[in-house]
Each structure stands twice: as structure tokens, then as C-alpha cells.
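Trainee: Each chain, letter by letter, is given below.
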Amino acid sequence: MAALINVPSKAKRGDIIEIRTLTSHIMETGFRRTMDGALVPRDIITSFTCRYNGTEIFRADLFPAIAANPYLSFFTIAKESGKLEFEWIGDNGYSSRASASITVE
Amino acid sequence: MRMTRRQFLSLAGGVTVAGTIPVVTLRPLKATPAMLNTAIRNLVGEVPIRTGKVKLDIPPLVENGNTVPMTVSVASAMTADDYVKSIHVFNEKNPQPNIGNFYLNPSSGRAQVSTRIRLADTQKVVAIARLSDDSFWQVAADIVVTLAACTEEVN
Amino acid sequence: MIFWRAIAVAALAATTSALLAGEIPPDARRSGYSFMSPDTRAMQDDDTSNPGMLFVLDGEALWGRKVGSADKACADCHGDARSSMKGVAARYPAFDRTLGRPVTLDQRINLCRANHQQASSLPYEGHDILALSAFVAHQSRGVAITTGDDPQLIAFVEQGRSLFMQREGQLNLACTNCHDDNFDKHLAGSPITQGQPTGYPLYRLEWQTLGSLERRLRSCMTGVRAQAYEYGAPELVALELYLMSRARGMPMETPAVRP
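Protein chains in written order, with our numbering: chain W, 1 to 105; chain G, 1 to 155; chain R, 1 to 259.
Since the hints were derived computationally from the structure, they do not count as laboratory data.
Errors might be hidden in some of the hints.
What the hints assert, rightly or not - Below, a list of computed lysine-lysine pairs in the BS3-like style, where the Cα atoms sit at most 30 Å apart:
{"#": "1", "chain 1": "W", "residue 1": "LYS83", "chain 2": "G", "residue 2": "LYS93"}
{"#": "2", "chain 1": "G", "residue 1": "LYS53", "chain 2": "G", "residue 2": "LYS85"}
{"#": "3", "chain 1": "W", "residue 1": "LYS10", "chain 2": "G", "residue 2": "LYS85"}
{"#": "4", "chain 1": "W", "residue 1": "LYS12", "chain 2": "G", "residue 2": "LYS53"}
{"#": "5", "chain 1": "G", "residue 1": "LYS53", "chain 2": "G", "residue 2": "LYS124"}
{"#": "6", "chain 1": "G", "residue 1": "LYS85", "chain 2": "W", "residue 2": "LYS12"}
{"#": "7", "chain 1": "G", "residue 1": "LYS93", "chain 2": "G", "residue 2": "LYS53"}
{"#": "8", "chain 1": "G", "residue 1": "LYS124", "chain 2": "R", "residue 2": "LYS185"}
{"#": "9", "chain 1": "W", "residue 1": "LYS79", "chain 2": "G", "residue 2": "LYS53"}
{"#": "10", "chain 1": "W", "residue 1": "LYS79", "chain 2": "G", "residue 2": "LYS85"}
Claimed, not checked - Covered stretches of chain G (in silico footprint by chain W; criterion: 3 or more residues with CB under 8 Å from a CB of chain W, positions within the stretch not fixed):
{"#": "11", "stretch": "63-73"}
{"#": "12", "stretch": "89-95"}
{"#": "13", "stretch": "101-109"}
{"#": "14", "stretch": "115-125"}
Said to hold, decoys possible - Here are some chain R residues pointing at chain W (derived, C-beta under 8 Å):
{"#": "15", "residue": "THR48"}
{"#": "16", "residue": "SER49"}
{"#": "17", "residue": "PRO51"}
{"#": "18", "residue": "MET53"}
{"#": "19", "residue": "LEU54"}
{"#": "20", "residue": "LEU57"}
{"#": "21", "residue": "ASP58"}
{"#": "22", "residue": "GLN208"}
{"#": "23", "residue": "THR209"}
Where is the CB? At the ideal position from N, CA and C, for every residue including glycine.
Just chain W, with the same shape it has in the complex (with noise of 0.2 Å):
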């Protein structure tokens, strides 16, 4: 599945960096029924890390409230060049990762 990571490729060691992610899934509530009645069962991602060379520096625990395609920005400090690795996990064991690297100078 297609993910989108806007992260930038060089920092100042101290600057505080916004990464932003967009992925996709359909983000099915569970509370939908269709025109025969039949719920729709949920399927959504629950869960969302970014680590930052092998660090967790964000975590995100997501509802069915979360729109399709889920989309989040936050921040974090430029500390040292290396890797942002990100992971969505979800129902019915959905699993996605993407990864970015930044050069901190």
C-alpha cells in the first residue's frame, strides 16, 4: 500500500522538525451496514510508531474516528543523521512500514 512521508532531508542538529504521513486505508468503522442490512465488520489501524534510529520518538493509538487514509504530522528534534522508520498496524493483522532519512548537520 502506497504511504506518503514528508520528512525533511537536511537539519540543523537542534532544529525542531515537523514529519509528516499519509497512508493508505479505508479506515471501515465497524458501524456501517450495507443496503441489505449486514454490518460491515470494522477494519481499521489502530496503531501507529515512528522511531527515529531505533528509537520510538511518537506513538499514536488511532479510532474509528480517523478519517480514511490517515494522515498525521508532529515533530521532533534533529539530533543525528540516520533513519525514521514508521509502522501502521491494525484489524485483521494489518501490518505497513515506510522508512526516511535525514542528514543532520
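Dock chains G and R against chain W, hints included.
Mentor: Just chains G and R, lined up with the frame of chain W:
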């Protein structure tokens, strides 16, 4: 001067923070239904929730309740001994009261989170921040959700 | 709420029935973008916050994937879409000589699949056709629409125009009653736009997904309580053709974001 709604909302929020002494309330917000109160009490226990520090940026009149941009920010130094541990967002009238929980730490640098949410109807949204001293701070906003003029048949 | 909305629509119908249908002069044309709130505009403006771009990315992957018994990818014939597809969506629907009628971009993709890839048709409004057509149309972002320049299309544009002007449904409204005569007013809480199809397929907040112009037209028809034409029906293609030719010269925005 023509003021946009967003400017108005942030201005109104600013006045609340700066112009009043934080009101200590034992019950979260009078008008909120029982489910919302329960969800908030599950988070904070019996600790008093103070008003202030938290800013909730949502257009007061949204174009579509299925995808509503929302930003929560908390006034905090974000240092090792004074930072925001988590931000929790709740609503009043969706089938479930929870919207999202966001966990921060001193290396976040800035206590600000944005996402896009669903609002089933015109209602109140509440954001609560838990600080490193385990105090809880809240803000609430009333959001008017307009329904689409032409709705499709369900497939 | 539904009842209240019905009254709002009925009131609009009553006040506009005396007005004549007037087409919008070229310099007064406005994209749906200009009717949106700053928040929704911001969502479209930044590619990493525009959820339509997720489909463009998926379409790019499909563009390079070999399919069908011919085992060919789109890229095997068309090469780099950034150059080969630039401006293509801006002239669709286009006349197909073999069929003797206009085809939409979605139909062209399926004709390519049938004739050159020997692959099955992608169903209308499915993820893959939307992703491919978003990827192709995205290559025309910023390019001025030229649809309808082909003289072979004149009769079909005229058919689309008369469908646009024709009242239909239980509310007895024509497209023109809202989108020529009453744009910039509101229908319930939503602004009425000019119906300029500059950004399709587009991400609609209401849908929470990407959708085609045909889906939008069908939901308008349901809105006026008319029986919507089936996907791919000649009437929908003619309407799409008329709307695109009506927007001639306006820049493409695919993937646009709309409420």
C-alpha cells in the same frame, strides 16, 4: 478587517488562556453526555482537569464531516522535566467517544499533532493533555458539521 | 434532516424557475478549488498531504506492471509517462475512429488493455482504474484543457450540452439550473460550484476516496431524484465531453481535493 473563522477560533482560544484564571472542574464538561465523561474519567481518574494550555484548531464550520482537519497544540517548554506526555482527543456524538491518543516526549520539541477526523454530527470535541507532572489540561470546541447537499445511494 | 434538505432544494427550484439558462463567459469560469475553504485548499496544494497522491503512486506502480496474455506493461509501449502522457488527459474524452464515438480516459485504458495487453477490463470506479487514470491525468496537471477541439466531436458535445440543459428527476432540475445560473450560492451547507471538471479523478472528502467524474455526475442525478445513467453510458460520456469542452483552457488539477 475581514476575519477568517480560523483566526477567530485561535483568537477566542487565546483569550480564554490569557484572560481567565484556570478553572478547576471536578466534572469534565457539563453538557457532554455520559459516554464522553466515562471515556475521559477512564483516562484521568479522579484527578481534576484544568482548562487552558491546550489549543484545538478545527474549522468551526466544516465542509464535510467525513474528513475534518484538526490540530492540537499544547503550550509547553518541552524540556526533560517539563513536557507533554500525551494528548487525547474525544468527541460527544460519534458512536464511540475516542478519536485518538498521541504519545510525546521531551525530544518531540514541540507539543503539536495534526490529523483528519470524522464527525458524525454537529458536536463538541474535547482535547486533553497529560503533562509530565501528571496534571491534565483541556480545551473544548463546538463544531458545526454541514451535510452534503446531494447524497449518493449506498452501494 | 433529509426532509429539511428536500425543502431547501424545492425552495431553490421555485426561485430559479423564472431564470433563463445562461452559459458562463470564459473569463468568469472558476475551478471548484476557488469555492473551497482554506483547509481543503491546503490539502490539495501539498502533495504529501493530498490523499489523491496515494492513488497516483499506486497508478505509477501499475503503469510499469506487465499484465494480460501479451505480458506487456503500459510503459512497454508508452515509455516514461511524464513525457508521453503529458497533455493527454487534457484532451479527453477523445474521438475513437474504430468505434466512431468519443471514449473517456477510463475507457481508453480498458481499450488498451483489451487490444494491446490482452487483459481483462478493469471495473469502473475500482481502485486500479482510478489509480491508472489518476496517474495518467496527473501528468497533465497545469496543462490547459483542449477537449472538444476535434471537429468529429461536435455532434457529441452538442448532445452533452442538451443533456446539461435538460430538466430531469422528481425535483425537475437541469445541471444548468445550479451550475450556470446559481453558482456561488448554497445548497444546504454546501457551496454550488460551476461544475468545472478540472481535477478528475479527484479525492472527495465525502467519499473518503478517489472518484471519477462519472461518479460525481451520477450522485448529482441521484440528488435531483433522477435515475442515474450506468457507468460508461453514452449519455454520461457526452456529458463528460461537454463539461470538459466547457472548461477548455482551464488548467488540469488532478488529483484535486473537493469537499
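Trainee: Now, for every hint given, state plainly whether the structure supports it.
Mentor: Cross-check of the supplied hints:
1. Among the hinted pairs, LYS83 of chain W with LYS93 of chain G is inconsistent with the structure: their alpha-carbon atoms are about 40 Å apart, more than 30 Å.
2. Between LYS53 of chain G and LYS85 of chain G the CA atoms are separated by roughly 14 Å; this keeps the pair inside 30 Å, and the hint holds.
3. With a C-alpha separation of about 27 Å, the suggested pair LYS10 of chain W and LYS85 of chain G falls inside the 30 Å cut-off, and the hint holds.
4. In summary, the hint linking LYS12 of chain W to LYS53 of chain G is supported, as the alpha carbons are separated by about 29 Å, within the 30 Å threshold.
5. For the suggested pair LYS53 of chain G and LYS124 of chain G, the alpha carbons sit about 18 Å apart, so the restraint of at most 30 Å is met.
6. For the given pair, LYS85 of chain G sits about 25 Å from LYS12 of chain W by alpha-carbon distance, which is consistent with the 30 Å threshold.
7. Only pairs whose Cα atoms come within 30 Å are accepted, and LYS93 of chain G paired with LYS53 of chain G is accepted, the gap being roughly 25 Å.
8. Distance check on the hinted pair: LYS124 of chain G and LYS185 of chain R sit about 28 Å apart at the alpha-carbon level, within 30 Å; holds.
9. At roughly 27 Å between alpha-carbon atoms, LYS79 of chain W and LYS53 of chain G fall within 30 Å of each other, so this suggested pair holds.
10. As the CA atoms of LYS79 of chain W and LYS85 of chain G are separated by approximately 20 Å, the hinted pair is consistent with the 30 Å bound.
11. Check result for the stretch 63-73 of chain G against chain W: holds, 4 residues qualifying (beta carbon to beta carbon below 8 Å, three or more required).
12. Check on the stretch 89-95 of chain G: 3 of its residues sit with their Cβ under 8 Å from a Cβ of chain W, so the three-residue criterion for coverage holds.
13. Taking a C-beta to C-beta cut-off of 8 Å, the stretch 101-109 of chain G contributes 8 residues in contact with chain W, enough for the three needed, and the coverage statement holds.
14. Residue count for the stretch 115-125 of chain G with a Cβ under 8 Å from a Cβ of chain W: 5. That meets the three needed, and the coverage hint holds.
15. Taking 8 Å as the C-beta cut-off, the interface hint given for THR48 of chain R holds, the closest approach to chain W being about 4 Å.
16. Interface restraint check for SER49 of chain R: the shortest CB-CB distance to chain W comes to about 6 Å, inside 8 Å, so the restraint holds.
17. Restraint check, PRO51 of chain R versus chain W: the minimum CB separation of about 4 Å is within 8 Å; hint holds.
18. Annotation: interface hint on MET53 of chain R holds; nearest CB of chain W at approximately 6 Å, less than 8 Å.
19. Interface hint at LEU54 of chain R: satisfied, since its Cβ lies 4 Å from the closest Cβ of chain W, which is below the 8 Å cut-off.
20. Below 8 Å, beta-carbon pairs count as interface contacts, and LEU57 of chain R has one with chain W at about 4 Å; its hint therefore holds.
21. Checking ASP58 of chain R against chain W by beta carbon gives a least distance of about 5 Å; that is within 8 Å, so the hint holds.
22. The beta carbon of GLN208 of chain R is positioned within 8 Å of a beta carbon in chain W (closest approach about 4 Å), and the interface hint is therefore held.
23. Given the 8 Å rule on beta carbons, the hint for THR209 of chain R holds: about 7 Å separates it from the nearest Cβ of chain W.
Comparing the model with each earlier hint shows a violation of hint 1 alone; every other hint is respected.
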